[in-house]
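Novice: Going letter by letter, the sequence shown gives residues 90 to 371 in our numbering.
FYI, nobody ran anything at the bench for these hints, they're computed from the structure. Heads up, a few of these hints could be off.
[Claimed, not checked] Between beta-carbon pairs, the in silico distance windows are:
#, residue 1, residue 2, range
1, R159, S241, 19 to 27 Å
2, N161, L319, 34 to 42 Å
3, N302, E333, 15 to 23 Å
4, G206, V329, 43 to 51 Å
5, N303, E163, 46 to 54 Å
[Claimed, not checked] Below, simulated DSS-like cross-link-like pairs (lysine-lysine); rule was C-alpha separation at most 27 Å, straight line:
#, residue 1, residue 2
6, K339, K117
7, K347, K300
8, K300, K117
Since the model is a prediction, treat every value here as computed from it, not as a measurement. Every residue, glycine too, gets a C-beta built ideally from N, C-alpha and C.
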Amino acid sequence: MSKENQCLSGTTGGLLLAPRILTLANQKGGVGKTTTAINLATALAAIGERVLIVDLDPQGNASTGLGISRDNREVSSYDVLVGEASVAQAAIMTSVPNVAIIPSTMDLLGVELTIAGQADRAFKLRDAFKQLSDLRINDQPVSYILIDCPPSLNLLTVNSLVAADAVLVPLQCEFFALEGLSQLLQTIEQIRSTLNPRLSIQGVVMTMFDKRNNLSEQVLADVRSEMGDLVYDTVIPRNVRLSEAPSYGKPALLYDLKCAGSQAYLRLATEVIRRERRLVAA
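Based on the provided sequences and hints, a complete structural model is requested.
Specialist: Okay, structure coming up:
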């Protein structure tokens, strides 16, 4: 077991509260899904939460954006899905305090072929999460798991929705935003009615908002009209620092805490926690 993994395992006394599992999903690419995953995780950690990111995108951008080199991905989300590693064995610490990640590799491209003929193929991730009692970050239980999905509604995304408590939907402020959202909502409802009745929508976060652009304002208004209170008050601006940070292997909050993008994700984190308390209490 590597040094990084050693700080993720162990036992503590007392009652273990199950972490909340949030899937970040949108079948469209380029909507800020991975950016939201790594920066929301960092923001949650900054206010005292312990966060595990599960990178389910074969491109591995969440892993790269948190500084996990491809040489340091000996155990990955692929191994977890095919049952060759536990969550605790696959998780490694990042440079962000209180944030760990199960990295992704290109092996995920073949996972559907590997498990397609298995009756429990949609439940692989959910079943892996049953071993979470072995997982610790700095000797404390994980409080949030964020799953970064690929930009498609494939078996990887289905696994994430089946395993999740709620879905967080990043939506770019562009003309076809609602069209893509409609298909995702149908998929969520299908999963809820057949495979995961507890699944709910945590919220919709509008990304790449440009206040100089009338289209951004119109799309935001349209989505709020359609989705109501599910749309977060916080909008994520189009921001150069958010785009630059991944190339340095760090989230924007560590790259430039004061930039507009970082501040927006800190506000989003407080909204997420507030909504989570309501969902858990319901």
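Novice: Give a verdict on every hint.
Specialist: Hints, verified against the model:
1. Between R159 and S241 the CB atoms are about 22 Å apart, so this pair conforms to the stated range of 19 to 27 Å.
2. Between N161 and L319 the beta carbons are some 37 Å apart, a value that agrees with the proposed interval 34 to 42 Å.
3. Against the hinted window of 15 to 23 Å, the Cβ-Cβ separation of N302 and E333 comes to about 21 Å, which satisfies the hint.
4. For the pair G206 and V329, the beta carbons lie near 47 Å from each other, so the given range of 43 to 51 Å is met.
5. Checked against the hint of 46 to 54 Å, the C-beta distance between N303 and E163 comes to roughly 49 Å, which is consistent with it.
6. Using a Cα cut-off of 27 Å, the hinted pair K339 and K117 holds, with the two alpha carbons roughly 24 Å apart.
7. Restraint check for K347 and K300: the C-alpha separation of about 19 Å stays at or below 27 Å, so the hint holds.
8. Taking the CA atoms of K300 and K117, the gap is near 23 Å; set against the 27 Å cutoff, the hint holds.
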